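Sequences listed follow chains X and S, in order.
The first sequence begins at 1 in our numbering and counts up one residue at a time.
The second sequence begins at 1 in our numbering and counts up one residue at a time.
FYI, nobody ran anything at the bench for these hints, they're computed from the structure.
It is possible that some hints are incorrect.
Which copy is meant is left open, so a pair is good if it fits within one copy or across any two.
Unchecked claim - The calculated DSS-like cross-link candidates involving lysine-lysine, where the alpha carbons are at most 27 Å apart (straight line), are: (1) Lys263 <-> Lys302; (2) Lys250 <-> Lys350; (3) Lys263 <-> Lys350; (4) Lys365 <-> Lys151; (5) Lys24 <-> Lys365; (6) Lys350 <-> Lys302; (7) Lys142 <-> Lys82; (8) Lys263 <-> Lys365.
Model, not experiment: these values are computed from the prediction.
Spelled out from the first residue to the last, the chains are:
There are 2 protein chains.
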Amino acid sequence: MNTKKQGGLAGVVAGQTAIATVGKEGVGLTYRGYDIHDLAANACFEEVAWLLIYGELPNQDELHNYQQRLISLRHLPSTLCKILELIPATAHPMDVLRTGCSFLGTIEPEAQNHTAQNIADRLLAIFPSMLVYWYQFHQTGKQISTETGEKSIAGHFLHLLLGKAPDETTKRAVDVSLILYAEHEFNASTFAARIATSTASDMYSAICAAIGTLRGNLHGGANEQAMALIERFTSPDAAEQGLRQMLAEKKLVMGFGHRVYSKSDPRSDVIKAWAKRLADEKGDKLLYAVSERIEKLMWDEKALFPNLDFYSASVYYFCGIPTPMFTPVFVFARTAGWTAHILEQRRNNKLIRPDADYIGPAPRKLIPLLNRGPSS
Amino acid sequence: MNTKKQGGLAGVVAGQTAIATVGKEGVGLTYRGYDIHDLAANACFEEVAWLLIYGELPNQDELHNYQQRLISLRHLPSTLCKILELIPATAHPMDVLRTGCSFLGTIEPEAQNHTAQNIADRLLAIFPSMLVYWYQFHQTGKQISTETGEKSIAGHFLHLLLGKAPDETTKRAVDVSLILYAEHEFNASTFAARIATSTASDMYSAICAAIGTLRGNLHGGANEQAMALIERFTSPDAAEQGLRQMLAEKKLVMGFGHRVYSKSDPRSDVIKAWAKRLADEKGDKLLYAVSERIEKLMWDEKALFPNLDFYSASVYYFCGIPTPMFTPVFVFARTAGWTAHILEQRRNNKLIRPDADYIGPAPRKLIPLLNRGPSS
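The whole structure should be built from the sequences, with the hints applied where relevant.
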């Protein structure tokens, strides 16, 4: 492909990976050779995180020990609590995670006895505590305890957020969404993490770079945009009318299509089934119907399929997660994939430093300050 | 070139830029068409920052107003002071800047009335205050004032650091080094900033990604490594002996060669002249002589030329800057280049998302947890 014409490194191979395949022949997703449908149906997120980071599925003992280790790493250091209290209530939740992660790097820095894998465990365990501590402090003034007794990351997060034990369906819905969001090859945030790693920088720098990159609406922020779209409409007909107008005005509709998948996003049918199940259980008569109508229209009019972000939005809504936390939940999941890529980059590192095509001014002589005229 | 063989996107054009040319035909560096020698001899850093960010050199009024604006933006918000006090004395100074920048993004977020350009002004002005406040608080227990009355960023930084007005030679040496470090096309940290920007993320996220990427020893950290090398030797002869041993052991010598320049680094002769001048003025009999011997040996034995990082190390040493601050000073300068690239990326944005070459396991079926054997 012609890089210069396409831009954004589309179609350019930037390196090798043994972690995931995305959209070979336009379809499909595997993590370490396992199909995403198989993983979403038959594994839990912690199993998948282990698979991504260590390369093989854990056995019973390994999984049990891993879960116990993650539970033991959920507590917030007291100075981190102070930082979270100093971050204002108005902050973007992704900025809370980026800042919390960056600060953690100053009190628990990477070292020979605190490896990238140790830090990955810590971040996977602590991110939900970090986010909800900040949220509850500013919403209620309470300095919450981050002990929940929940076995899973999904359960821990929901328990802290809702202030009580979540039901099994809700917990599993979020758990599955974490599996689906855990890894996606050389996406922008992962590639940013690999670039930071390629200079021999530390684990926290790479994860901060990834969080900041995921934050944008053209990447992780898309699920929040999808929610904003869906909840705008009071009926499927109103949605159809609204969408037709958006398309006529050539507005970007978030949650559809994908840079790499050309035929469908294999994660979408999984999360859609969960959206349907939750809609039925919670007695929803609107959001799911609106979502389906938008999906149909986007296919009929633009031949665009929903990506993972589209039905994730209603799943998170039904689970009681506030919209500004959708992208942070993506962070909880993708931390596993980022870590796998950081470790892979380190094993066979070369500085990532592309060239540029210069289109600027020809060589010119500096005019002394006193002789420069008024600005143009 | 064959990307797969070379790796790290070497020789791959990742996009267009009108900001700098690096090493066309293996030599030379221009910012917006102006040769780096012309800029280093005839401009101040603030002029160069304006040139990079706004595309043309400022006239007298513009430069004056810009300098006044930067002076007015040096103060630290009280909550940021608390954050800096909570970051331990043992922290890596780059982590201080990464965390401080990230936190600033939560209290002064990007918005329509607080643009990327406004944030660039603020960061250029505040980074030296941020670093030295943290440093002095932990070294002396004092909460320093960040008012210095110094006109330039170089002067402000040195004044805060040394606790008194720096002499003119020292000030200008650091000022010139900031010009040399200000911009360098699609280097790794700048490319990381462009990737974060390409997802439509905010200015702070892009700068945090860049700081974290610059931190590595294969990028910004190289000047600190060069210093550690130079100060290890007690004479030029000892340096020659030590270097020969390192080369025999195939150890990496930092501060030599460059990914893009093949014949010389055009910034090196400028900074070397300043190293010589400072060595003479400060009565140095060792560091400069050791540096020259290392340079000669690297050329004779490996045909490698010094890059900017090599003689920057002794310049900063002669100016009284502690080694762990060398890479942060690089941040003070490169914030100008990063900003120029962030604005350029936004003007013609496309998500940066490369492909990967999959070398992992073939498709395989998940074995139920209970049936998995002991780990291999």
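Evaluated hints:
no.: 1; hint: Lys263 <-> Lys302; verdict: within (13 Å within a copy, 52 Å between copies)
no.: 2; hint: Lys250 <-> Lys350; verdict: between (41 Å within a copy, 17 Å between copies)
no.: 3; hint: Lys263 <-> Lys350; verdict: between (34 Å within a copy, 21 Å between copies)
no.: 4; hint: Lys365 <-> Lys151; verdict: between (67 Å within a copy, 26 Å between copies)
no.: 5; hint: Lys24 <-> Lys365; verdict: between (52 Å within a copy, 18 Å between copies)
no.: 6; hint: Lys350 <-> Lys302; verdict: between (41 Å within a copy, 20 Å between copies)
no.: 7; hint: Lys142 <-> Lys82; verdict: both (13 Å within a copy, 21 Å between copies)
no.: 8; hint: Lys263 <-> Lys365; verdict: between (53 Å within a copy, 24 Å between copies)
Hint violations for this structure: none, all hints satisfied.
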